[in-house]
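Asker: Residue numbers (numbering that gives the first Met the number 0), protein chains in the order written: chain R, 0 to 396; chain D, 0 to 105; chain L, 0 to 165.
These are computed hints drawn from the structure, not numbers from a lab.
There's no promise every hint is true.
[To be verified] Straight-line C-alpha distance at most 25 Å; calculated DMTMM-like pairs for lysine to aspartate or glutamate: (1) D:104 <-> L:1; (2) L:23 <-> D:98; (3) D:90 <-> L:1; (4) L:78 <-> D:6; (5) D:104 <-> L:116; (6) D:104 <-> L:108; (7) D:90 <-> L:123; (8) R:9 <-> R:109; (9) D:90 <-> R:366; (10) L:23 <-> D:77.
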Amino acid sequence: MNYLILSLIKTAIVVVILMHTLAYLQWIERKVIAHVQLRVGPRRVGPHGLLQPLADVIKLITKEGMIPSHVNLVFYLLAPFIAVTFALITISVIPFGPVINVAGVRTGMELTDLNIGVLFVLAISGLGVYGVALAGWSSNNKYSLMGGLRSSAQMISYELPMALAIAAPLLIFNTLSFREIVVKQGFYYFGFWPNWGIFHSPFPQIVAFVVFMIAGFAETNRVPFDLPEAENELVAGFHTEYSSMKFAAFFMAEYANMVTVSCVATLLFLGGWQPPWPAQYGSIYVPTIVFLASAALCFYHAINPARPFDRITLPVFGVLFLIIAGVFLIPAAQPILLPLFWFGAKTGAILFVFIWVRATLPRFRYDQLMRFAWLFLFPLALLNLFVTSLAVALTTK
Amino acid sequence: MPPLPAEPPLTWYLILSVVLFALGIAGFLFRRNIITVFISIELMLNAVNLSFVTFSYKLKQNDGHIFSFFVMVVAAAEAAVGLAIILTVFKNRQTLEIDEVSSLKN
Amino acid sequence: MDTILFLILAVIAVGCGINVIFQKHPISSALSLVGVMGALAAMYLQLGGEFIAAAQIIVYAGAVMVLFVFVIMLLNAGKERRTSPRIWARWAGPPLLFLFVGAVAYVLESFLPPSGDVRFGGFDGGSAQAIGVRLFTQYLLPFEVTSILILIAIVGAIVLARKEID
Numbered sequence: 000m001n002y003l004i005l006s007l008i009k010t011a012i013v014v015v016i017l018m019h020t021l022a023y024l025q026w027i028e029r030k031v032i033a034h035v036q037l038r039v040g041p042r043r044v045g046p047h048g049l050l051q052p053l054a055d056v057i058k059l060i061t062k063e064g065m066i067p068s069h070v071n072l073v074f075y076l077l078a079p080f081i082a083v084t085f086a087l088i089t090i091s092v093i094p095f096g097p098v099i100n101v102a103g104v105r106t107g108m109e110l111t112d113l114n115i116g117v118l119f120v121l122a123i124s125g126l127g128v129y130g131v132a133l134a135g136w137s138s139n140n141k142y143s144l145m146g147g148l149r150s151s152a153q154m155i156s157y158e159l160p161m162a163l164a165i166a167a168p169l170l171i172f173n174t175l176s177f178r179e180i181v182v183k184q185g186f187y188y189f190g191f192w193p194n195w196g197i198f199h200s201p202f203p204q205i206v207a208f209v210v211f212m213i214a215g216f217a218e219t220n221r222v223p224f225d226l227p228e229a230e231n232e233l234v235a236g237f238h239t240e241y242s243s244m245k246f247a248a249f250f251m252a253e254y255a256n257m258v259t260v261s262c263v264a265t266l267l268f269l270g271g272w273q274p275p276w277p278a279q280y281g282s283i284y285v286p287t288i289v290f291l292a293s294a295a296l297c298f299y300h301a302i303n304p305a306r307p308f309d310r311i312t313l314p315v316f317g318v319l320f321l322i323i324a325g326v327f328l329i330p331a332a333q334p335i336l337l338p339l340f341w342f343g344a345k346t347g348a349i350l351f352v353f354i355w356v357r358a359t360l361p362r363f364r365y366d367q368l369m370r371f372a373w374l375f376l377f378p379l380a381l382l383n384l385f386v387t388s389l390a391v392a393l394t395t396k
Numbered sequence: 000m001p002p003l004p005a006e007p008p009l010t011w012y013l014i015l016s017v018v019l020f021a022l023g024i025a026g027f028l029f030r031r032n033i034i035t036v037f038i039s040i041e042l043m044l045n046a047v048n049l050s051f052v053t054f055s056y057k058l059k060q061n062d063g064h065i066f067s068f069f070v071m072v073v074a075a076a077e078a079a080v081g082l083a084i085i086l087t088v089f090k091n092r093q094t095l096e097i098d099e100v101s102s103l104k105n
Numbered sequence: 000m001d002t003i004l005f006l007i008l009a010v011i012a013v014g015c016g017i018n019v020i021f022q023k024h025p026i027s028s029a030l031s032l033v034g035v036m037g038a039l040a041a042m043y044l045q046l047g048g049e050f051i052a053a054a055q056i057i058v059y060a061g062a063v064m065v066l067f068v069f070v071i072m073l074l075n076a077g078k079e080r081r082t083s084p085r086i087w088a089r090w091a092g093p094p095l096l097f098l099f100v101g102a103v104a105y106v107l108e109s110f111l112p113p114s115g116d117v118r119f120g121g122f123d124g125g126s127a128q129a130i131g132v133r134l135f136t137q138y139l140l141p142f143e144v145t146s147i148l149i150l151i152a153i154v155g156a157i158v159l160a161r162k163e164i165d
C-alpha cells in the first residue's frame with residue numbers, strides 16, 4: 000500500500016504541475032509571439048495578463064457545447080477524449096530528475112520507470128493520430144475531413160524519420176529506459192564537456208537531434224507543419240465543428256504533445272537533468288544567478304516603469320525571484336531542485352524554439368511537406384542511423 | 000460456481016485466442032465490405048499471435064515472440080499491398096462490395 | 000488479481016471482437032479492432048512479452064490500423080449494404096463456429112497436459128534485449144527475408160496506387 004500512496008502523491012504533483020504548465024504555456028506563447036510582432040500581448044486579466052489562462056478556462060467551460068446535427072455522434076464525442084488521453088499518458092514515463100530521498104522515502108522523480116519507456120512513448124504518440132483523424136471524419140464536414148486526412152498522412156510520414164532519429168542514440172546508450180539513458184549522459188569529456196546525446200562518442204547525434212525536432216514539429220501539428228488546421232484554407236481543419244471543452248481538449252492535447260516532444264528531446268539528446276558543466280566549476284550556482292538577474296531586472300524596470308502599475312507589480316515579482324534564488328542555495332533542497340531546474344531549463348528552451356518558429360516561419364505547402372519528409376528527412380535519418388551503427392560497431396569490442 | 004483461481008490457467012488464453020479466431024472467421028465469411036473482410040483477417044492474425052505468445056510463456060522461450068513479431072511485419076506489408084489493391088478496385092468500380100467484384104466468375 | 004485482470008482484458012477483447020463483425024460501418028469495425036489489439040497488448044505484458052506488446056501497439060494499432068482508417072476516410076466508405084447471405088450460411092454458419100470453438104476448447108481442457116497458471120513476471124525472456132539477440136543471431140535469415148518482403152510490398156503498393164493516376 001505504501002507504493003500505492005507514493006504513486007498517488009507523485010501523480011497528484013505531476014498532474015498539477017503539468018496542467019499549470021499547459022495553461023501557462025499558452026500565455027507564454029501569446030506573450031512571446033506578441034513581443035516578436037512588437038505588441039504587448041495579453042495584459043488585461045491580472046498583472047501582465049498572468050490570470051489570462053484562468054479566464055480562458057472559465058470561458059471555455061461556460062461556453063455552450065454545441066453538437067452539430069450532422070455529425071457521427073459516438074466518434075464525434077470520442078475523438079477529443081482520445082486525443083487528450085493519449086497526449087497526457089506519455090508524461091507518465093518521463094523522468095524529471097534522479098532518484099531522491101524525501102523524508103526517508105527513496106523514489107525516482109517520475110511516475111514509472113519502464114524498461115521499454117522509449118517504445119512506450121513511440122507507441123502512445125502513434126495512437127494520438129486517431130483523435131485527429133476521427134475528429135475530422137466524424138464532423139461530416141469537407142474541411143474537417145481534409146484536415147483529418149492531411150493529419151493522418153502527415154503523422155504516418157513523419158513518424159518514420161522520428162523513429163529513426165530516436166533509434167540512433169538508442170544504439171549508443173544501449174537501453175530503452177529513459178532513466179538509464181540520462182544516467183549514461185552524466186559524465187564529462189576532459190572534465191568539463193558534457194557527453195550528452197548530441198555530443199556523445201562515438202558519433203555525436205546532432206543530426207538526429209535536428210531530424211527529431213523537425214519531425215516533432217510535424218507530429219504535433221505545429222507551424223510550419225500545421226497543415227491539418229491551416230486556417231486560411233481549411234477554416235480550422237479537424238476541429239472546425241468543435242466548441243467549448245471539446246475544443247479545449249484538442250488545444251490541450253496539442254500543448255501536451257509539445258511538452259512531451261520537448262521532454263523526450265531533452266532526455267535523449269540534451270542530457271535530461273544533468274548540468275551542462277560539472278558542479279566543481281560552479282554549475283550549482285547557475286539557478287541562483289539566473290533568478291538574481293531576473294530580480295534585478297524587475298527592480299530596474301520598477302524604478303523606470305513603462306506603465307504606472309509596473310511600480311507596484313514588478314517589485315512583487317522581484318521579491319519572489321529573490322526568494323527562489325535563496326531557496327536554490329539551501330544545501331538540503333539542492334539535490335531535488337537543481338536537477339529539476341536543469342530539466343525545466345532545457346525543456347523550456349525547446350518549447351521556446353517551438354513558439355519562436357511559430358512566430359517567424361510561414362506554412363509549408365502540402366506537396367512540399369511530403370517531399371521534405373520522404374526525400375530529405377527520411378534519407379538523412381537513415382544515413383545518420385547507418386553512420387552511427389557503423390561507429391558503434393567499430394568502437395565496441 | 001467454483002471460486003476464481005488466483006492465477007488464470009494457460010488454457011484460458013488459448014480459448015480466448017480460439018474465440019477471437021472464430022470471430023475473425025465469422026467476419027471473413029459473413030461481411031460483404033472488402034475493408035471489413037480485410038479487418039477480419041487482421042483479427043485472425045491477432046488471435047494466432049496471442050496463442051504464440053502464450054506458448055512462449057509455457058515453454059519459457061521467446062521464439063513465440065519472434066514468430067509473432069514476424070507475423071506483425073508480414074501483416075504490415077500485407078496491409079500496404081492490400082489497401083493499395085482496394086484503392087485500385089474502388090477507383091475502377093466505385094464499389095467496396097465484395098460480391099460485385101466478380102467479373103472472373105462467368 | 001491476475002485472473003481479474005485477465006477477465007477484464009478478455010471481456011474487452013471479445014466485446015470488441017464481436018463489435019468488429021457486427022458494426023455496419025467499416026470505421027467502427029476498424030476502431031473495435033484497435034480495442035482488441037490494445038487488450039491483447041496488455042495481455043502480452045501479462046505473459047512477459049513487453050517488447051511484443053510495444054510492437055503490437057506501434058506496428059498494428061499505430062501504423063496498420065491508421066492506414067485502414069486513412070483508406071476508409073479517403074474512400075469515404077459508407078455503411079455496408081445489407082445483403083442476405085445464402086440460407087445455409089445463415090443457419091449453419093454460427094452453430095458451426097460455436098461447434099469449432101467448443102471442440103477446440105474441449106480438446107485444450109481435456110487432452111493438454113496440466114499447463115500451469117500465468118503469473119505476472121513468470122517469464123522475462125521477452126525483453127527487447129533478449130528478442131534482439133535471438134533475432135540477429137538465430138533468426139537472422141528470416142529477418143533479412145522479411146525486410147526484402149517489406150521492400151517488395153512497398154514497391155508493389157506504389158505501383159498499384161500509381162496506376163490510377165495515369
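Asker: Now tell me, hint by hint, if it's right for this structure.
Answerer: Hints, verified against the model:
1. D:104 <-> L:1: Cα-Cα ~52 Å, so violated.
2. L:23 <-> D:98: Status holds; Cα separation ~16 Å.
3. D:90 <-> L:1: With Cα atoms ~49 Å apart, residue 90 of chain D and residue 1 of chain L exceed 25 Å; violated.
4. L:78 <-> D:6: 42 Å, violated
5. D:104 <-> L:116: 51 Å, violated
6. D:104 <-> L:108: Measuring from Cα to Cα gives roughly 44 Å; hence the hint is violated.
7. D:90 <-> L:123: 49 Å, violated
8. R:9 <-> R:109: Between residue 9 of chain R and residue 109 of chain R the Cα gap is close to 8 Å, so the pair holds against 25 Å.
9. D:90 <-> R:366: 22 Å, holds
10. L:23 <-> D:77: Cα-Cα ~24 Å, so holds.
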